[in-house]
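Enquirer: Starting from the given sequences, assemble the full structure and let the hints guide the process.
So you can see what is in the structure, the chains are spelled out below.
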Amino acid sequence: MENSTILNEDQQDCLQELINIAYGSGTAAISEILDAFATLSIPRINIIETKYLNDYLQSQVKVDMPQFLATQLINGKFSSENLFIIDKHSAENLAREFGLEESEIEDINELSDVILEITNILSSSTISKFAQEMDIEVSFSPPHVKLLNSIEEMDSTFIDKYHQVIIISTILQFENQNIRGELLILTTDDTIEFIKKLLDKILDEL
Amino acid sequence: MGSLNKADLICETIDNGIILLNENLEVLFWNKWLETRTNISFDQISQKKITEVFPDINEAKLKRKIKATLTLNSPTFYTTELNESFFNIEFKNKITHRVFKNMQQNVTLNPYDIENKTVIIYVYDSTILKETNFKLAHAKEKIEKEHNKTLAIKQQLEDSIDEFELLLNATMEAIILFDENYICTNINDVGVELFKFASKTEALGVDILAFFEDKQLNYKKIENTFEASMNTVCKHTFPALIKIKNATFNDKKIRILTVVDLTELKYRDKLISEQAKLVAMGEMIGNIAHQWRQPLSAISTAASGIKLQKEFNMLTDELLDESLDGIVRSSMHLSQTINDFRDFIQGDKEVVKFSLEENLKKDLSIVEGMLKNYDIHVFLECQKTIELYNYKNELTQAILNIIDNSKDALLEKNVKDKYIFINTYELLDEAVIEIYDNAKGISDDVINKIFEPYFTTKHKSQGTGLGLYMTHQIIEKSMGGTISVSNISYEYNNHHFKGACFKITLPL
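So the sequence lines, in the order shown, correspond to chains D and L.
Per numbering that gives the first Met the number 0, the very first residue in the first sequence carries number 0; after that it's consecutive.
Per numbering that gives the first Met the number 0, the very first residue in the second sequence carries number 0; after that it's consecutive.
Derived by calculation from the structure, the hints in this document are not laboratory data.
Don't take every hint at face value.
[What the hints assert, rightly or not] Calculated pairs, BS3-like style, for lysine-lysine (alpha carbon to alpha carbon, straight line, at most 25 Å):
no. : chain 1 : residue 1 : chain 2 : residue 2
1   : L       : K352      : D       : K145
2   : D       : K145      : L       : K141
3   : D       : K145      : L       : K60
4   : L       : K62       : L       : K47
5   : L       : K47       : D       : K145
6   : L       : K502      : L       : K352
7   : D       : K87       : L       : K502
[What the hints assert, rightly or not] The following label-pair restraints were derived from C-beta to C-beta distances:
no. : chain 1 : residue 1 : chain 2 : residue 2 : range
8   : D       : R43       : L       : K144      : 38 to 48 Å
9   : L       : I13       : D       : N45       : 38 to 48 Å
10  : D       : S140      : L       : D42       : 28 to 38 Å
11  : D       : K76       : L       : E145      : 25 to 35 Å
Since this is a predicted model, take the numbers as computed values, not measurements.
Don't be surprised by glycine CBs; every beta carbon is placed ideally from N, CA and C.
Expert: This is the structure we're talking about:
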């Protein structure tokens with residue numbers, strides 16, 4: 000995996016700052032909706048070539064447990080795809096946090112619905128704020144969720160069409176709860192160009 | 000048209016359900032699409048709590064989604080993937096291709112008025128999509144079943160191929176498969192080893208003629224088993240028994256070449272033949288001893304007679320001539336015996352024309368002394384004109400072996416009057432030689448084995464088990480004839496006899 004020089008140091012710093020602000024507000028929103036204290040770790044930004052994406056995802060995901068993979072498309076000029084990966088055990092704890100009964104937790108559909116909600120909440124809270132900071136319009140498509148036995152089951156053939164992927168990864172944790180999920184925002188060529196211009200504009204205005 | 004009217008028009012004509020809800024889940028708006036689908040008019044549901052009208056709606060979940068929508072100022076969703084429907088709308092008009100009883104829905108909640116905490120809910124009918132997915136899932140299941148079946152068949156096929164290869168490699172013969180153009184398509188391990196290929200792949204694609212020494216061989220015409228000289232990759236040749244079988248497989252002609260390496264067998268044959276020859280030589284020396292006793296004693300008698308007559312001055316010229324003539328005759332007889340012996344030992348280089356009667360007489364003269372010694376009477380009855388074009392001395396060896404065998408049988412069975420009869424006659428285009436004795440015949444349990452090598456009923460010191468085997472080889476392999484044995488009963492001189500009869504046929 001190699002960090003690309005596609006963003007210069009200033010651009011990277013600027014992006015990191017914007018993302019930090021956005022994710023900070025996301026944390027607050029989640030805590031308010033779920034009435035629980037959630038934290039998002041400081042987001043890490045990685046730019047990799049698409050051919051390494053599968054390797055990257057595998058390195059990030061615990062392989063010894065089935066994983067839920069939720070995806071959601073973000074439309075508009077910041078067009079990208081959100082991936083939320085959470086292991087089954089964490090998902091069950093998350094469902095308890097959402098107030099589901101034990102019988103409901105055993106229902107894989109109910110569990111999936113919780114993942115979709117949290118994905119939607121994470122996408123909205125983080126990206127909406129980010130879009131607001133960048134002064135752009137975004138909208139969200141309904142999310143989808145899949146239970147994977149391994150990350151290799153993820154169909155990523157479409158990724159080949161792109162060259163590079165910006166990965167913004169963060170870890171969602173709830174205090175006193177054993178919940179850990181990883182949020183990745185994947186964005187590709189056209190959007191990367193757009194972000195670069197936008198970052199330059201922001202940097203110019205400073 | 001005012002803006003309100005435009006919004007009304009859109010709400011009333013859009014192909015979606017539109018609901019306006021407050022945070023207490025009370026319905027503030029309910030469009031025409033919903034009225035017609037649910038048969039509940041806006042007037043009926045207005046200001047009512049939606050969960051009261053539709054008790055199957057999960058109130059906690061709906062409230063949570065509304066809270067999220069309002070807090071985030073962003074949409075939240077219900078998706079058909081997970082929730083069959085947001086609320087229960089039964090299809091009463093769907094008759095054809097009906098998969099689901101109720102409408103399948105995708106639902107999006109959007110913030111409407113954050114301050115007043117109202118949300119707008121869009122309901123999309125996704126039944127057709129879900130039906131398609133449902134049918135696809137069914138089709139997938141079916142395909143998977145078929146695929147599994149195919150895999151099972153494939154596995155079976157692979158197993159039978161493995162089994163076939165196993166069988167192919169378990170044989171002692173080299174088996175080589177050719178396509179219709181006589182190009183090698185498969186070869187077993189024995190074949191790879193026998194023809195000294197480095198690997199199986201080296202043999203594939205090789206023309207059938209490369210396996211044979213004779214490059215002119217018309218292999219297409221051959222159907223029976225035959226002997227041929229084969230070629231290895233390193234141009235060594237070896238004798239082999241060959242069979243080429245044509246077969247049809249999947250409408251394609253294939254040829255199966257089976258090769259049995261005869262090197263060992265030929266070597267064994269040669270060894271046996273040499274052993275037999277040594278045995279025959281031993282017997283011949285015995286015969287010569289018998290043969291020479293009489294002429295030697297005649298010479299000795301004549302010589303001592305001459306000496307005695309001379310001492311007594313009785314030796315006349317006539318007596319001397321007569322005695323010397325006798326000595327010369329006897330010496331010539333001795334010399335002839337040596338010639339016969341030499342002919343026999345040297346074997347035949349080529350076929351010659353000869354009289355069967357003369358040959359048999361000479362054979363008998365070789366064993367005359369021995370037969371006399373054992374008091375065995377031989378009766379030869381020949382059709383005079385029979386002439387053969389074959390290996391003369393080999394026939395002698397064969398006949399002598401049979402006579403020797405009869406002699407042993409006669410002595411072993413302690414037969415009082417010992418006879419051997421030899422008859423020859425022509426039958427169709429063959430010469431027949433019958434040799435039979437009165438030694439009471441061969442017992443049934445061994446009569447089928449007597450032509451096998453190393454088979455003997457005699458005591459080890461006497462029999463080698465090679466005599467009759469060699470006789471069989473000479474008659475059938477070398478001379479192109481047949482030999483068989485049977486027990487017969489016959490009358491001779493008003494006496495009833497039983498014995499073994501060897502019947503030889505030879506081409507004329």
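Enquirer: For each hint given before, does the structure comply? Return the numbers of the non-compliant ones in rising order.
Expert: Numbers 1, 5, 7, 11 - these are the hints that the structure violates, sorted from lowest upward.
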